[in-house]
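Here the protein sequences come in this chain order: A and B.
Residues in the first sequence are numbered consecutively from 1, following this note's numbering.
Residues in the second sequence are numbered consecutively from 1, following this note's numbering.
It should be emphasised that the hints constitute simulated quantities derived from the structure, not laboratory data.
It is possible that part of the hints are untrue.
To be verified - Looking from chain A toward chain B, a few residues come up when the C-beta cut is under 8 Å (computed):
{"no.": "1", "residue": "Asp3"}
{"no.": "2", "residue": "Glu5"}
{"no.": "3", "residue": "Arg7"}
{"no.": "4", "residue": "Tyr9"}
{"no.": "5", "residue": "Ser18"}
{"no.": "6", "residue": "Thr26"}
{"no.": "7", "residue": "Phe44"}
{"no.": "8", "residue": "Phe45"}
{"no.": "9", "residue": "Thr54"}
{"no.": "10", "residue": "Gly55"}
{"no.": "11", "residue": "Tyr56"}
{"no.": "12", "residue": "Ala57"}
{"no.": "13", "residue": "Ser58"}
If you're wondering where the values come from, they're calculated on a predicted model, not measured in any experiment.
Note that the Cβ used here is the ideal one computed from N, Cα and C, for glycine as well.
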Amino acid sequence: MKDVELRVYALIVLAFSSVLAVFLMTHHSQNMDYAWGDAIRHAFFNVTSILTTTGYASADFALWVPAA
Amino acid sequence: MSARAKPWPLENLRFAYHFLGVTYLALGLVMLGLEALSLVLRESPWGFLTGVAVGLGLGWGFYRLGDPRHEPGRAEALLSVALIWLLVPALGAIPFWVSGNMPYLDALFEATSGFTTTGATALSDFSQLGYSLFFWRSLMQWFGRVGFLVLVVALLAHLAVAGRQLFFTESTGVQKEPFTPRLRTAAQSILKVYAALTLAAALCYWIAGIPPFEAICNALTTLPAGGFSPNPRSFEQYSPLAQWFGTLFMFLGGAGFVLQYKLFFTRDPSPS
Numbered sequence: 001m002k003d004v005e006l007r008v009y010a011l012i013v014l015a016f017s018s019v020l021a022v023f024l025m026t027h028h029s030q031n032m033d034y035a036w037g038d039a040i041r042h043a044f045f046n047v048t049s050i051l052t053t054t055g056y057a058s059a060d061f062a063l064w065v066p067a068a
Numbered sequence: 001m002s003a004r005a006k007p008w009p010l011e012n013l014r015f016a017y018h019f020l021g022v023t024y025l026a027l028g029l030v031m032l033g034l035e036a037l038s039l040v041l042r043e044s045p046w047g048f049l050t051g052v053a054v055g056l057g058l059g060w061g062f063y064r065l066g067d068p069r070h071e072p073g074r075a076e077a078l079l080s081v082a083l084i085w086l087l088v089p090a091l092g093a094i095p096f097w098v099s100g101n102m103p104y105l106d107a108l109f110e111a112t113s114g115f116t117t118t119g120a121t122a123l124s125d126f127s128q129l130g131y132s133l134f135f136w137r138s139l140m141q142w143f144g145r146v147g148f149l150v151l152v153v154a155l156l157a158h159l160a161v162a163g164r165q166l167f168f169t170e171s172t173g174v175q176k177e178p179f180t181p182r183l184r185t186a187a188q189s190i191l192k193v194y195a196a197l198t199l200a201a202a203l204c205y206w207i208a209g210i211p212p213f214e215a216i217c218n219a220l221t222t223l224p225a226g227g228f229s230p231n232p233r234s235f236e237q238y239s240p241l242a243q244w245f246g247t248l249f250m251f252l253g254g255a256g257f258v259l260q261y262k263l264f265f266t267r268d269p270s271p272s
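From just these sequences and the hints, can you work out the full model?
Structure, rendered in structure tokens:
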């Protein structure tokens with residue numbers, strides 16, 4: 001983990017995912033009720049997907065609350 | 001390099017023709033393989049057949065016009081790259097247009113999105129494409145990223161070589177080489193990592209319960225950060241483990257390949 005680019009990249013993914021995970025756990029939206037594991041998984045998947053411009057989705061994020 | 005005299009503009013593009021010809025011939029051969037796949041699966045063979053005919057036909061024509069010994073100037077090198085990005089999707093769109101029940105414009109959108117690894121789709125009904133077309137759709141993104149990586153390395157090498165020649169104009173004994181050995185090694189190591197990670201992703205997806213065909217297609221689009229998936233629900237219906245694997249390989253696909261080469265293939269993980 002000496003490489004600066006990799007370190008910053010990993011930190012950004014980690015930071016955004018953590019924020020989103022906490023958000024998904026605390027803000028239940030329409031018929032969405034995430035457990036700890038699910039929230040963390042969906043947060044990491046979607047943040048990585050968007051950050052790397054891949055564009056996969058693991059959940060229908062149109063149903064999340066707008067702030068998520 | 002050559003004198004300023006330009007007898008006829010098209011005469012001066014022999015490198016661009018050669019480059020385009022080789023690319024079209026290569027794509028024609030890939031589509032020939034997919035033609036075989038579509039025949040085995042008893043899907044509409046006409047799309048890939050048209051693609052093969054156009055690719056090999058035009059490719060052969062351009063190849064005959066071109067000359068690999070022609071040393072391209074900076075303008076011609078850049079023009080070649082621009083032409084490739086326009087004309088490769090134009091060829092790649094043909095199978096979707098002929099066999100996929102799509103208007104040519106939609107097919108062109110899909111192919112451009114594929115080769116540039118954008119990942120936006122013009123598909124609304126995922127049942128309109130057969131297996132061979134979905135495989136081609138994923139393969140486009142995989143090739144798109146390879147092409148991009150190789151183009152960057154080759155272009156940098158070429159411009160660097162041109163710069164060096166300018167610098168050493170008067171000196172003797174400087175070899176004209178399209179690739180310096182160092183850059184060639186860099187390109188090879190990048191491709192090695194890319195291929196190895198794709199294979200690993202396909203295996204992991206399969207282990208995590210994704211059906212084999214979808215595992216391969218998804219692996220082909222995960223590493224180039226492309227995002228085409230043969231499943232209209234993307235990763236939604238796959239197992240949690242598969243989604244974690246997806247996260248891992250998306251992350252690796254977004255990280256530097258040269259660094260990963262050092263990490264996985266050599267004993268020296270320290271960055272240079």
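For each hint, the structure was consulted:
no.	hint	in the structure
1	Asp3	holds, 4 Å
2	Glu5	holds, 6 Å
3	Arg7	violated, 10 Å
4	Tyr9	holds, 6 Å
5	Ser18	violated, 14 Å
6	Thr26	violated, 21 Å
7	Phe44	holds, 5 Å
8	Phe45	holds, 5 Å
9	Thr54	holds, 4 Å
10	Gly55	holds, 3 Å
11	Tyr56	holds, 5 Å
12	Ala57	holds, 4 Å
13	Ser58	holds, 5 Å
Checked against the numbered hints listed earlier, the structure breaks hints 3, 5, 6; every other hint is satisfied.
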